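If you read the sequences in order, they're chains A, B, C and D.
Going by the UniProt record's numbering, the first sequence opens with residue 1, and the numbers climb by one from there.
Going by the UniProt record's numbering, the second sequence opens with residue 1, and the numbers climb by one from there.
Going by the UniProt record's numbering, the third sequence opens with residue 1, and the numbers climb by one from there.
Going by the UniProt record's numbering, the fourth sequence opens with residue 1, and the numbers climb by one from there.
Hints are computed from structural coordinates only; laboratory data are not their basis.
A portion of the hints provided could be inaccurate.
Unchecked claim - Computed spacing ranges between beta-carbons, pair by pair:
hint, chain 1, residue 1, chain 2, residue 2, range
1, A, Q34, C, A27, 49 to 57 Å
2, C, G224, B, V423, 31 to 39 Å
3, B, E173, D, M283, 29 to 37 Å
4, A, Q44, D, D239, 31 to 39 Å
5, C, E146, A, F41, 48 to 56 Å
6, A, H248, D, M283, 34 to 42 Å
7, A, F41, B, K393, 42 to 50 Å
8, D, E227, B, K142, 16 to 24 Å
9, A, D9, C, Q37, 52 to 60 Å
10, C, G63, A, Y19, 53 to 61 Å
11, B, V423, C, G33, 46 to 54 Å
12, D, S269, A, P174, 23 to 31 Å
13, A, F41, D, M283, 25 to 33 Å
14, A, Q324, D, M283, 52 to 60 Å
As the list claims (entries may be wrong) - The list that follows gives simulated cross-link-like pairs (lysine to aspartate or glutamate, DMTMM-like), each with its CA atoms no further than 20 Å apart:
hint, chain 1, residue 1, chain 2, residue 2
15, A, K369, D, E253
16, B, K29, D, E227
17, A, K146, D, E282
18, A, K29, C, E227
19, A, K148, C, E227
20, B, K159, D, E227
21, D, K32, D, E149
Nothing here was measured: the structure is a model prediction, and the numbers come from that model.
Cβ coordinates follow ideal geometry from the N, Cα and C atoms, glycine included.
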Amino acid sequence: MADNGDDVDAEYSIRDGDYIVLKRGEVYKAAQIQKKRKVIFEKQWFFLDNAVGELFGTTFEIQAGGTLKPHAPKQAPSAADKEAKEAGTDNRNIVDDGKSQKLTRDDIEMLKEQGLKGQEIVQQLIDNSTTFKDKTEFAQDKYIKKKKKKYDNNVTVLKPCTRILAMMYHGREPGKICHLRHDTLAQMLTLGNIHAGSKVLVFETCAGLVLGAVMERMGGYGSVVQFYPGGGPTRAGMENFGFPPHFHETLHEFPLCKVNTLLAGKLGAEWGPEASGDPQEEAPDGAEGEEEAPEETQGMEVSAEGEDSKEKERKEKCREKKAQERKVKMEEKRRKLVATAALLEGRDADGLVIASRFHPCPVLLGLLKFLAPSRPFVVYCQYREPLIECYTKLREQGGAINLRLTDSWLRHYQVLPNRTHPVLLMSGGGGYLLTGITVATETDAAAITTATQAKEEEPASKRIRLEEVDGTSSNNDA
Amino acid sequence: MADNGDDVDAEYSIRDGDYIVLKRGEVYKAAQIQKKRKVIFEKQWFFLDNAVGELFGTTFEIQAGGTLKPHAPKQAPSAADKEAKEAGTDNRNIVDDGKSQKLTRDDIEMLKEQGLKGQEIVQQLIDNSTTFKDKTEFAQDKYIKKKKKKYDNNVTVLKPCTRILAMMYHGREPGKICHLRHDTLAQMLTLGNIHAGSKVLVFETCAGLVLGAVMERMGGYGSVVQFYPGGGPTRAGMENFGFPPHFHETLHEFPLCKVNTLLAGKLGAEWGPEASGDPQEEAPDGAEGEEEAPEETQGMEVSAEGEDSKEKERKEKCREKKAQERKVKMEEKRRKLVATAALLEGRDADGLVIASRFHPCPVLLGLLKFLAPSRPFVVYCQYREPLIECYTKLREQGGAINLRLTDSWLRHYQVLPNRTHPVLLMSGGGGYLLTGITVATETDAAAITTATQAKEEEPASKRIRLEEVDGTSSNNDA
Amino acid sequence: MSLVEYSACIREGDVVIVFLGHDSMMAVRVQKGAQTQTRYGAIRHSSDLIGRRFGSKVTCSKGGWVYVLHPTPELWTLNLPHRTQILYTTDIATITLMLDLKPGAVVCESGTGSGSLSHAILRTIAPTGHLHTVEFHAERAQKAREEFERHHVAHLVTVRNQDVCRHGFGVVGVANAVFLDIPSPWEAIHHAKSAIRRQGGRLCSFSPCIEQVQRTCEILVSAGFTELSTLEVLLRTHDVRSVTLPLPDFGSEDGHTHTGTHTPPPPSSATATIKTATPPREMAAHTGYLTFATKPRE
Amino acid sequence: MSLVEYSACIREGDVVIVFLGHDSMMAVRVQKGAQTQTRYGAIRHSSDLIGRRFGSKVTCSKGGWVYVLHPTPELWTLNLPHRTQILYTTDIATITLMLDLKPGAVVCESGTGSGSLSHAILRTIAPTGHLHTVEFHAERAQKAREEFERHHVAHLVTVRNQDVCRHGFGVVGVANAVFLDIPSPWEAIHHAKSAIRRQGGRLCSFSPCIEQVQRTCEILVSAGFTELSTLEVLLRTHDVRSVTLPLPDFGSEDGHTHTGTHTPPPPSSATATIKTATPPREMAAHTGYLTFATKPRE
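Build out the structure end to end from the sequences listed, making use of the hints.
As structure tokens, this is what we get:
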């Protein structure tokens with residue numbers, strides 16, 4: 001639990017193959033440590049080889065040839081963030097004559113040759129600007145940011161986490177995560193009561209970021225079922241977290257297009273261990289789709305060509321092997337599907353998190369059926385109208401209480417002596433959330449029995465008990 | 001323009017019949033000075049008689065019998081707003097035993113008899129509270145507000161203005177003004193470019209507040225046409241401004257239900273000076289409606305009873321007189337309608353302000369036709385969806401550019417040494433605005449000619465020219 | 001039942017949330033033979049609660065019904081006994097994410113206060129993390145301990161009754177994250193720093209006033225903390241409803257309104273109904289400023 | 001044309017706003033024989049502008065078209081040459097209302113800056129009010145004077161080139177309202193007070209930093225100002241658009257998706273289109289704090 005020795009440095013060390021996040025100022029980029037592999041970040045390229053063995057949180061200088069040289073700790077990012085600034089409060093005395101910078105391009109090249117670092121060059125530029133002091137603070141910040149970007153050659157290597165990845169995606173590619181802002185994600189994880197040991201359902205088209213955030217909060221305990229549309233689940237964002245292997249064992253997937261079958265109770269009959277189910281028949285299905293399609297197309301093109309018998313034989317063998325592989329793959333897929341179905345059939349999941357580009361209303365109404373009563377659900381949507389519809393439908397059909405439609409407002413502050421004020425720009429909106437809690441409906445009596453039975457068959461991971469604490473009053477358990 | 005003598009005190013003096021606003025803390029109430037008339041404010045009653053002759057801005061103490069006694073200037077409101085507070089930052093040491101107030105009810109009565117004023121009593125209560133100092137600031141404020149409300153007997157008499165009346169309505173009766181917040185009203189007046197000398201169209205169901213705000217900004221120069229639904233325009237909010245009589249001469253009204261007739265160019269034919277137009281036919285019309293209805297009903301009831309001939313004669317005469325009065329009234333109404341129609345026919349109004357409980361889309365599309373090109377319009381709606389529809393329709397039909405759908409966010413600050421932070425509560429929303437600028441449509445060529453002709457016939461108030469400045473290049477006028 | 005783990009059914013000793021209706025709830029400790037009065041009548045624990053599934057509808061003695069809910073840190077925050085001003089879920093959610101909390105994390109908190117944040121932290125760091133929470137006020141520290149026991153999370157938390165500004169958190173070099181909600185956070189920064197692991201960690205300070213933030217930031221910088229970030233998050237709840245708007249009657253072109261008897265139905269009473277969501281008339285505009293910082297590795 | 005009065009048609013010497021498209025405008029001074037280049041080609045002033053009605057569509061030499069608009073203080077704010085940071089319409093609207101400005105009001109302003117607020121004040125106080133505006137920077141004061149001339153409002157305004165903190169507004173006891181946008185407003189409060197009429201009036205100070213607000217409020221209170229109120233207004237523009245959301249395909253009950261060839265049309269491509277409005281990705285989060293106060297009658 002609490003550890004303080006050198007032995008834990010291993011946990012903080014950067015190893016080959018690790019998923020990392022590169023940081024410079026407010027800019028982040030997810031990457032993986034791969035030796036001799038070029039990485040491009042902020043228009044600069046370099047190799048991460050030298051990061052291996054260093055600790056997470058280290059700031060490196062990018063040197064000639066793209067090698068990284070670690071800074072000593074302390075020296076690094078904080079100093080770089082503090083310029084000795086003296087702001088003019090307006091541009092009263094600025095006459096723009098194009099002569100405000102006393103350093104020439106040659107001067108700057110010379111400074112570089114003298115070995116001055118990015119931050120030092122920026123400070124030189126500031127010191128040699130005749131107008132800098134008279135610029136308004138806003139203009140000064142703009143100036144520094146611009147110059148820093150041009151001359152900064154530091155990069156910090158961070159351990160990925162929800163906070164960093166959420167800020168990274170929102171800053172770089174908000175479209176990929178449905179413009180989900182990190183504070184809104186924070187609300188989702190908390191209002192969804194996501195925690196270790198529970199069984200959480202996730203449907204997202206946020207590149208896997210939401211899935212990863214949920215898994216981080218589960219800490220490898222419990223189970224996550226990811227519903228997915230089309231060919232297969234998107235998980236790139238989750239991969240960026242670099243979870244240890246046992247986390248992945250808690251992750252299950254289930255195709256949206258099988259939800260109705262499952263709800264009708266017919267999935268077992270068709271896909272259970274008894275039914276052998278022809279995988280061929282299943283191949284063109286949406287559940288397979290994208291992943292398999294290119295392979296098959298290729299195969300068909302080849303067989304259409306004229307070939308000699310040897311070639312044909314080889315092809316035939318190849319085809320057989322492929323068919324065999326496909327069969328194994330299908331069998332594996334079937335096994336996993338059935339296992340996931342077993343997790344869902346009890347309709348006793350502990351949480352539901354939806355954040356997608358799909359209309360949330362049918363998604364929510366469909367997946368809500370898998371939740372136990374008295375469990376929270378959260379639905380994110382970039383737009384307000386679809387959640388108004390969700391709200392209205394849920395009120396009509398019942399089974400959920402404490403419905404809340406919310407949005408949030410996030411503002412950062414600059415806190416500096418005599419220059420404290422809100423940061424001048426903010427995000428215009430963080431999207432909308434609908435949250436609520438499931439309750440038993442009148443017709444639940446039968447369902448309760450089913451659910452209780454199903455509970456016995458659940459994977460052990462769901463039932464991590466803190467027996468020593470929880471067992472005190474077990475004699476009263478009905 | 002600039003005046004500084006005693007002679008202008010008249011302008012600042014409270015006179016009998018004046019419209020005023022009563023203020024205590026953040027609570028406002030509009031009233032009129034009427035001698036010997038009881039006024040109830042914050043659960044206290046009093047007479048405003050003694051306010052006459054005093055200056056606006058005077059704070060009065062309510063004395064026994066409801067008479068007002070003016071405070072000396074300076075002494076009044078600022079001191080009352082500053083308590084010597086010393087806030088605990090949490091409730092760490094508070095034990096709630098119901099004994100925290102050392103003053104008994106009798107003690108307080110005694111203080112009152114000793115002639116202590118409200119603020120002094122509150123200070124006594126604070127000084128004698130054993131827990132006050134340990135309360136959090138938030139709890140302290142709540143305590144003071146509660147006690148102040150109970151023991152305060154001061155009231156300030158203010159001259160009405162948009163700022164004060166807008167805050168009053170929003171604080172007391174937001175439903176009456178469609179929840180229009182004062183900062184949103186501020187945006188409307190500015191984005192609508194409301195100013196002296198222009199011709200502004202107003203359609204509002206905000207008790208007349210928006211109309212009054214527009215008229216204040218016009219300063220009695222130019223003209224305002226108020227469109228109204230149903231029986232007649234609502235103007236109570238405007239009356240509260242207490243404008244001088246000549247302001248009212250710039251105010252015109254036009255019934256919504258005649259808009260189509262006017263647009264079809266048929267109003268003149270039917271209502272112009274040539275057509276005599278039977279007023280009787282018009283009486284049951286919506287334009288008359290509510291105002292007249294009760295009178296008529298009464299008349300019919302009376303005539304149904306059996307009466308002797310003398311009585312009958314008297315009734316007959318009365319009826320004739322009433323019919324005559326009605327005829328005069330109708331003629332006056334007709335005259336005004338025709339005059340207002342003349343203001344509108346040129347379709348060259350300078351601004352349009354809409355703030356109503358009606359669906360803004362048909363209202364806007366209908367009334368926009370009366371605007372000249374290159375003129376701003378502003379539409380307020382408490383809800384977002386109707387303005388989205390307005391926006392979409394306007395984009396489809398053209399004739400307006402620079403469309404903006406906005407909402408605003410307003411937060412107040414407590415600024416006190418070492419206790420500066422945003423005020424803890426804020427309004428959740430100030431409604432939505434759609435703003436834009438009219439432009440000439442392709443088919444405007446004909447309209448331009450008409451409009452230019454119409455301009456000559458406009459009332460003079462519209463054309464206050466600053467000739468000395470504006471006339472310099474009149475030789476270039478096409 | 002535990003505040004860090006779901007159960008299916010209600011047992012004696014559980015704390016359950018009785019949901020009475022919109023924004024109306026209460027926390028109830030389940031005891032055999034006990035009764036709880038609500039505006040809908042009494043709830044008899046033995047027959048109405050014990051053994052029932054969480055989320056069930058329970059009919060009270062007067063015939064009205066309520067839902068009995070499994071407690072979560074969020075429901076607890078809405079129903080806990082206030083011993084101090086408390087942190088609410090919007091800030092708690094932001095704190096949890098920005099402090100990188102997750103199962104296994106070791107967290108230091110001061111003050112414990114009413115335990116609103118503590119429960120949310122425990123939920124997130126269970127089953128392998130630990131919370132060291134420091135409370136200046138003895139009675140409050142004791143009450144917090146009792147609550148943690150009742151909520152079956154006592155094994156995850158150590159409550160210390162001491163002044164964090166003078167005596168720190170009682171641990172050194174173990175914390176992944178520190179949270180401060182005290183009047184003078186700047187006086188506790190060096191203790192916070194030493195409580196955090198030498199490999200680095202995160203810090204959050206919550207302060208209502210900007211002057212507190214200014215002093216705290218100054219000390220944070222001089223203590224070597226980096227990535228300072230002060231922010232505010234406000235949550236706005238929208239009321240979903242149908243609104244009927246009248247449509248204007250511009251009359252017919254011949255000068256008559258449509259209200260005449262010969263043109264039914266009268267369009268002057270025509271309306272349009274829209275579904276919309278409206279913000280509350282009043283909402284929380286400020287709770288406190290959240291200042292986050294990173295202690296870099298030593 | 002004047003910035004305080006509408007005209008129907010464009011004349012030589014007028015300043016017109018050429019509207020090129022969404023968020024793209026420019027201010028143009030109309031001169032016989034002159035040409036203005038736009039991305040749609042040239043606009044020839046003599047034939048394309050002079051004599052045309054404001055609001056007309058003008059076809060440029062390359063065949064593209066623009067609208068020519070009558071200048072308003074609000075359009076001027078969006079198109080003026082920046083000599084300083086300027087005040088924008090959201091703050092200006094609030095200032096105008098909260099200072100009780102109306103025709104006939106006498107207003108003192110410092111600094112003049114780029115004249116963004118000055119024009120809005122002039123629009124509101126015309127035709128009988130007066131603006132006394134003080135600008136420290138000589139060149140800026142001169143440029144402001146020239147602009148007021150060009151905009152035909154010079155008779156309503158007196159520009160003074162002096163340091164308001166040292167020498168005040170140059171008038172005493174005449175102002176209904178004073179506006180301060182200077183680095184140390186607290187140094188000008190006593191001048192502001194003496195500029196306001198003895199019957200009382202309103203004051204507004206605009207400051208970006210909270211420390212400026214704190215010092216200003218302190219001095220305002222000690223100078224006898226009342227009804228202090230510090231606030232912020234943020235305007236958010238929403239982008240109205242149609243959004244198409246895919247509908248999920250849960251498949252049929254028999255385990256097949258609806259994408260099979262025998263059930264057209266495939267619902268997996270089913271969508272719902274909604275009309276919505278989305279906030280901007282980034283917006284102004286802060287311009288400055290507005291502090292209002294009342295000078296009570298003497």
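Structure-based check of each hint:
no.: 1; hint: Q34(A) / A27(C): 49 to 57 Å; in the structure: 53 Å, holds
no.: 2; hint: G224(C) / V423(B): 31 to 39 Å; in the structure: 35 Å, holds
no.: 3; hint: E173(B) / M283(D): 29 to 37 Å; in the structure: 32 Å, holds
no.: 4; hint: Q44(A) / D239(D): 31 to 39 Å; in the structure: 34 Å, holds
no.: 5; hint: E146(C) / F41(A): 48 to 56 Å; in the structure: 52 Å, holds
no.: 6; hint: H248(A) / M283(D): 34 to 42 Å; in the structure: 40 Å, holds
no.: 7; hint: F41(A) / K393(B): 42 to 50 Å; in the structure: 47 Å, holds
no.: 8; hint: E227(D) / K142(B): 16 to 24 Å; in the structure: 21 Å, holds
no.: 9; hint: D9(A) / Q37(C): 52 to 60 Å; in the structure: 58 Å, holds
no.: 10; hint: G63(C) / Y19(A): 53 to 61 Å; in the structure: 58 Å, holds
no.: 11; hint: V423(B) / G33(C): 46 to 54 Å; in the structure: 49 Å, holds
no.: 12; hint: S269(D) / P174(A): 23 to 31 Å; in the structure: 25 Å, holds
no.: 13; hint: F41(A) / M283(D): 25 to 33 Å; in the structure: 28 Å, holds
no.: 14; hint: Q324(A) / M283(D): 52 to 60 Å; in the structure: 58 Å, holds
no.: 15; hint: K369(A) / E253(D); in the structure: 15 Å, holds
no.: 16; hint: K29(B) / E227(D); in the structure: 17 Å, holds
no.: 17; hint: K146(A) / E282(D); in the structure: 19 Å, holds
no.: 18; hint: K29(A) / E227(C); in the structure: 17 Å, holds
no.: 19; hint: K148(A) / E227(C); in the structure: 17 Å, holds
no.: 20; hint: K159(B) / E227(D); in the structure: 15 Å, holds
no.: 21; hint: K32(D) / E149(D); in the structure: 19 Å, holds
The structure meets every hint from the earlier list without exception.
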